[in-house]
Amino acid sequence: MHATRTQPCSAAEITLIALAFGLSAAILVVPLLLIFAFALREGLGVYLANIVEPNTLHAIGLTVLTALIVVPINIVVGICVAWLVTRFKFPGRQVLITIIELPAAVSPIVAGVVYLFLYGGQGLLGPTLQGAGIQLMFTTTAIVLVSLFVTAPFVARELIPLMQQQGTEDEEAALSLGANGWQMFWFVTLPNIRWAILYGAILTNARVMGEFGAVSVVSGSIRGQTNTLPLQISQLFNDFNVTGAFAASSTLAFMAVLTLLLKSTLEARGGWR
Amino acid sequence: MHKLLAVAAAVFTLGTPAFAQPTDILNASYDIARELFEAQNAAYAASGATVTVNQSHAGTSTQARAILEGLAADVVTFNQVTDIARLVEGGVVSEDWASEFPNNAAPFYSFPAFLVRAGNPKGISDWGDLAGDGVQVIFPNPKTSGNGRYTYLAARAWAVEEYAGDEAQIEAFLTKLFANVPVFETGGRAATTAFTERQLGDVLVTFEAEVLSVRNQLGADNYEAVIPSVSFLSEFPVAIVDKVVDARGSRDLAKAYLDFLFSPAGQEVAAANFHRVRDETVAAAHAADFPEVRLVTIEDAFGGWDKASEEHFADGGLLDRVFLNQ
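So the sequence lines, in the order shown, correspond to chains A and B.
Position 104 (the first sequence) corresponds to 1345 in the working numbering; numbering is contiguous.
Position 235 (the second sequence) corresponds to 238 in the working numbering; numbering is contiguous.
Computed, partial: chain B to chain A, Cβ under 7 Å: (1) Asn57; (2) Gln58; (3) Glu72; (4) Leu74; (5) Arg192.
These are computed hints drawn from the structure, not numbers from a lab.
A virtual CB, placed ideally from N, CA and C, is assigned to each residue, including glycine.
Please work from the sequences and hints to get the whole structure.
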């Protein structure tokens, strides 16, 4: 714990603090509250009716399902990759690190189009797959694939700097004391990186649930089938159903708040780093 | 929970074509047809059909591209034939699609008309008024939107008559008209929301069906519909996507659904949703809702879609001369 000053503040400090709170309120809090205000403006009954509307309900389910598939895969792959590039020296290591970062630098719409050109009916692999009776694009599978792509760097990128900084001494000590590889990972490595994993998972989750660009290219926007929440919100808004759009938005905002609460709770229980 | 399981099942089967007789079909439709097909599908279910009709809505060029890339749409209900032509070129729709259903396979039609704000403050009554000084016009980009292309053709058809075919005057009028558009949205519904939600412009040019529907939804005391002296026949064609129905074994379902759109019940739904229909009984029953209007056709005024596409919409065509020359 570092010492925190609790002395009375000077006028300049108070102004700065007020400015910080004011700006946060204007930029972050007010829009968030507005979502709920608009969603509830026709009353709780209309709000609930909009949420249990079958297509919106399906969009919520699909968004959660996508996150449930993508986040665990990204955690496992992220740990493997971070382990590989921080614990071993091999030719092409730097190239690998750059490649992992690539999806974060590419615009999501490009990611979607690239997948379409790979797996679409006129794409590179699409005709072969279709010949085998496999249709990837415009299905849930396509949504999961592009979500994996756009969030691929998130866990690894949290882990790599941390694992580089921590070095290998703890792990070497564990091994020299007779731990096997699995024990070393479970009792030494994992506890050191668990917060970074959690943070990466939260970033991944937020991005998967909110992704619009890449998903819109490969989803086909079939209502009640391949519409994720962001697509559903955009369509409701274009349908002049503003209350419906904000009701759906509020579920997305609610999930985001829930994720953050979960993070804070876990941090409070575990002690930060 | 059941929904999640169903979705999970869909993931693991990778969307493999069903071997059993399908119980659902997908209708890929244009952007502003959402309300129309919601009503059509409800009426279709009420008529005793047990099939589930799923809907996908986007600009028809986007839809055509998606279908060519593998979107498994059993039927398309578009607002223009050019994008069905792309499906024919791609080999997924048969060449004689237009003769598979009555009226060139167009169950309903509309035409570009005007929506103005209450009281019509700029006094807009015909195409010439749109090129006036200080008038702001909203319509979607003709490069990306069928709706916008129809607007261009309608304005041009009016100008050809007005200026007795004098190309210099026609182009001057169209250039002025395009210069009056503050922002070109990519689709019909985006143009509508620019006009209604963002309060841009003095007049929205879009299909009469959209004009009347917006006036109906947002209040006749806020908006007025204006029907110009002449406009351009915009037929909304439908087609079976042969490649998809053959793979899924859903041809009968697809055909029955499209047949319904031509039936008196389907025509009634279309008319109630502000689309003009060919069924004489239904059209007569709704005559009071639809004022008389003179419509020119693509064949009469522009020598057919192929010729029009080449002359007007190809890169460097007549559209570019008035659109880019600003």
